[in-house]
Amino acid sequence: MREILNELNSDAGLVGSMVITPDGIMVAAALGPKFEEDTVAAFASALLLGLKRSLALFHCQGEPTSCMLKATGGRITFFDMKNSYLVLVTDSNKKLDGSAEVIQSAIHKIKNRRVA
Amino acid sequence: MLHCIKNFFLNLRLRKALAEHAKFPGETEKVRLAQLYLKLSLLDDARAIIQDGLAIYPGSRRLREARELIRRARALLMLQDIEQVLEEEPSAEDFIRASDLARVAGDMERAFSYAHEGLVAFPEDWAVHLAIGKLHFHKYNSTREAVDGIECLKHLDKARRIAPEEPKVLFFLAMGHAVQGEQREALAVVELLTARYPDYPKASTLRRRIREAITAETAGLKGEESLDEAASRIHAALAPLGLDVAAVRDQLSLVEGVVGWFFIDEEGDVIASHVEDDPVFDLSDRSAGLKALAASCRFGSSRIGIGDLESLSLSGEGWEIHLRALGDLSFVTFSKGMSSSDVEDLVNRIVKAVPVACEA
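If you're matching them up, the sequences are chains A and B in order. When you line the first sequence up against my numbering, it's residues 1027 to 1142, in that order. When you line the second sequence up against my numbering, it's residues 2 to 361, in that order.
Hints in this document: simulated from the structure, not taken from any laboratory. By construction, the Cβ of each residue, glycine as well, lies at the ideal position given by its N, Cα and C atoms. Take these hints with a grain of salt, some might be off.
What the hints assert, rightly or not - Just so you have them, the derived chain A footprint on chain B, three or more residues with Cβ under 8 Å:
| id | segment |
| --- | --- |
| 1 | 155-165 |
| 2 | 277-285 |
| 3 | 305-311 |
As the list claims (entries may be wrong) - Which residues of chain A face chain B? A partial, calculated answer using Cβ under 10 Å:
| id | residue |
| --- | --- |
| 4 | S1036 |
| 5 | A1038 |
| 6 | V1041 |
| 7 | I1051 |
| 8 | K1060 |
| 9 | F1061 |
| 10 | E1062 |
| 11 | A1067 |
| 12 | L1073 |
| 13 | L1075 |
| 14 | E1089 |
| 15 | C1093 |
| 16 | M1094 |
| 17 | G1100 |
| 18 | R1101 |
Generate coordinates for the entire structure from the input sequences, incorporating the hints supplied.
Right, here's the structure in full:
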């Protein structure tokens, strides 16, 4: 799975990417030397779980399909893959479109990956 | 050869220490004797002399420190044995045991390493998740790093999902919530634990402490404020940002699709708000939801190296929640039928363009 992520990083011009489960456990990551995988995974899972909790308290109908956090030095975008989330790290001025072919292709490859 | 010489001199010192201890079995003599036993790897003798000392001087810091050193040395020895087992066909219990021994020996890095190896080999074993959750719990207690608090609850939650009735998991989950100030969540878990396992050790004490913490929290909450006080507080919070609540309301009332908006502080407490009835979101009791939203952002993007939070957008089918950071406050909008970019543009316009209407 790391290969798929590395390819996505290069094709989409990402700083890094990772896959986490809905309960926030990291499945695979290709984040590059700038980031600590455990810390980013903890951040991503805390954000995801906190937002889900918040949505439940607002009795919001339907699951979130995407989430984007913009910070002064970068952006983190989550895309729902049903049984997991694709987390993409980019520069702060780069906005990602979830319907972009390169992202959809990576999601398809990850979801249809047969190797355990 | 060198080892033999070293042992020879250690034995000489031991003989002298034994003689001194026989003459006057005080705290200092006992600690010195235990240290020498430890150097000669006579762990049982070291432990016996320290236990004897603690029976006489139960409050002695030096004796307790010596006991800790002996515990660590014993754990290191046992770890050597279990490492051989790990080379062959280890079970989940073997990884957990190795991790626990490494923790007792004071090597947290190694403790995490064994536990994570266990997780790779047994990803659905509740005891492995419990072990990792406990390690993060111990680390959080000493460092107070948010990442450890989060990892602790994540693994304990996972352990609970795999083994919902396991009392050890419930106990540590309650502890994990309590130590991070989530007293209500902690109470819910510990009440479940005490209902199912009334005799579980320390559960009643934990429940009492959590209840006391909740009482203290409630007592500290602000009382009801008058309308004038509320207006003054809102003005004081928004004016430094160049914002006026009436002007924000006017601006947003012109936009179709905004279901509700809030100015909240870092804790998620509402400074000012406007809500419309809508089936997409139930904003009638928004306090807990906004606090959870604020807590989600509190972990801090700066910790992972991408700087300070500017905004957060959460989208589903036909709805959007947008949070814009404004110093100590955040501006949160709930909308429907608007794209993510539309909401972001709208919020940018409001934040930049709305003047302070009634500057003092």
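> Does L1075 of chain A meet its interface restraint, that is, does its C-beta lie within less than 10 Å of any C-beta in chain B?
Replying inline: This interface hint holds because 7 Å falls under the 10 Å limit.
>> Just to be careful: measuring from the Cβ of R1101 of chain A to every Cβ in chain B, is the smallest value less than 10 Å?
In response: Hint on R1101 of chain A: holds, closest Cβ of chain B at ~7 Å, below 10 Å.
> For the segment 277-285 of chain B, does the count of residues with a C-beta closer than 8 Å to a C-beta of chain A reach 3?
Replying inline: holds (count 5)
> Does the nearest C-beta of chain B fall within a distance shorter than 10 Å of the C-beta of E1089 of chain A?
Replying inline: holds, 6 Å
> When the nearest CB of chain B is found for S1036 of chain A, is that gap smaller than 10 Å?
Replying inline: Violated, because the Cβ-Cβ distance from S1036 of chain A to chain B comes to roughly 20 Å (cut-off 10 Å).
> Given F1061 of chain A as an interface hint, is the shortest Cβ-Cβ distance to chain B below 10 Å?
Replying inline: Since the shortest Cβ distance to chain B is 6 Å, the answer is holds.
> Taking the least C-beta to C-beta distance, is V1041 of chain A closer than 10 Å to chain B?
Replying inline: holds, 9 Å
> Is the interface hint for I1051 of chain A satisfied, with its Cβ closer than 10 Å to some Cβ of chain B?
Replying inline: Given a least distance of 7 Å, the restraint on I1051 of chain A holds.
> Against chain B, is G1100 of chain A within 10 Å by beta-carbon distance?
Replying inline: Because about 3 Å separates G1100 of chain A from the closest Cβ in chain B, which is inside the 10 Å limit, the hint holds.
> Holds or violated: L1073 of chain A as interface residue toward chain B, Cβ cutoff 10 Å?
Replying inline: Holds, because the Cβ-Cβ distance from L1073 of chain A to chain B comes to roughly 5 Å (cut-off 10 Å).
> Within the assertion that chain A covers the segment 305-311 of chain B, do at least three residues meet a Cβ-to-Cβ distance smaller than 8 Å?
Replying inline: holds (count 7)
> Can M1094 of chain A be said to touch chain B, with a Cβ gap under 10 Å?
Replying inline: Holds. Min distance 5 Å.
Violation of the numbered hints given earlier is confined to hints 4, 5; the remaining hints are satisfied by the structure.
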